[in-house]
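Engineer: Given next are the chains, with one letter for each unit.
There are 2 protein chains.
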Amino acid sequence: MHVEPLSEDDRAEALDTLDEWDYDEARDAITRRFTFADFSEAFAFMTRVALLAEKANHHPEWSNVWNRVDVLLTTHDAGGLSHKDVALAEAIDALLG
Amino acid sequence: MHVEPLSEDDRAEALDTLDEWDYDEARDAITRRFTFADFSEAFAFMTRVALLAEKANHHPEWSNVWNRVDVLLTTHDAGGLSHKDVALAEAIDALLG
Numbered sequence: 001m002h003v004e005p006l007s008e009d010d011r012a013e014a015l016d017t018l019d020e021w022d023y024d025e026a027r028d029a030i031t032r033r034f035t036f037a038d039f040s041e042a043f044a045f046m047t048r049v050a051l052l053a054e055k056a057n058h059h060p061e062w063s064n065v066w067n068r069v070d071v072l073l074t075t076h077d078a079g080g081l082s083h084k085d086v087a088l089a090e091a092i093d094a095l096l097g
Numbered sequence: 101m102h103v104e105p106l107s108e109d110d111r112a113e114a115l116d117t118l119d120e121w122d123y124d125e126a127r128d129a130i131t132r133r134f135t136f137a138d139f140s141e142a143f144a145f146m147t148r149v150a151l152l153a154e155k156a157n158h159h160p161e162w163s164n165v166w167n168r169v170d171v172l173l174t175t176h177d178a179g180g181l182s183h184k185d186v187a188l189a190e191a192i193d194a195l196l197g
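As they're listed, the protein sequences go chains A and B. Residue 1 is where the first sequence starts when you use the working numbering, and the numbers rise one by one after that. Residue 101 is where the second sequence starts when you use the working numbering, and the numbers rise one by one after that.
Source of the hints: derived by calculation from the structure; they are not laboratory data. Treat the hints with care, since some could be wrong.
As the list claims (entries may be wrong) - Short, incomplete list of chain A residues facing chain B, as computed with Cβ under 8 Å:
(1) 17
(2) 64
(3) 65
Even for Gly, the Cβ is constructed at its ideal location relative to N, Cα and C.
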């Protein structure tokens with residue numbers, strides 16, 4: 001299913017709002033590193049993100065080393081950032097309270 | 101806790117036994133890519149590996165993109181491969197039947 005990429009204005013607004021996320025220009029993606037007390041906490045977070053992702057039918061590219069989780073969001077079907085990434089980033093941020 | 105790295109002979113034997121795993125010489129690590137039907141299956145596998153890892157108190161470096169899981173095993177406290185990596189790799193392989 002084709003998804004429209006964000007317009008320049010919408011991208012700028014999204015990056016302004018998602019102030020904990022970094023912009024990866026090469027991928028037209030947003031990234032954020034999350035650090036927890038230990039692996040158990042990190043994987044609990046990943047499980048919650050997995051549920052969000054499956055519900056949204058939009059999935060992160062992510063990696064985990066011990067207490068650290070690196071998340072990259074982009075939309076392959078849009079060739080870059082779309083509203084799906086903004087929505088998932090906001091939902092992930094909301095997990096952290 | 102310091103862990104002894106594998107001897108040359110033990111490393112060679114381990115790499116011979118773990119024939120689905122590749123050797124990353126730069127990291128003195130073993131890696132394996134797992135591919136599933138979809139994200140749900142991939143994350144179910146990750147959850148099972150997380151339980152194994154926590155039980156063994158030895159954790160992978162790993163990443164996931166949709167249906168793909170890339171696992172790298174090495175032992176930081178040993179500066180490379182140790183018996184912990186061999187045991188975890190065998191336990192992961194055993195999940196796949």
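Engineer: Confirm or reject each hint.
Structural biologist: Now for the hints, and whether the structure bears them out:
| no. | hint | verdict |
| --- | --- | --- |
| 1 | 17 | violated, 25 Å |
| 2 | 64 | holds, 6 Å |
| 3 | 65 | holds, 5 Å |
The structure does not agree with numbered hint 1 stated previously, though it agrees with all others.
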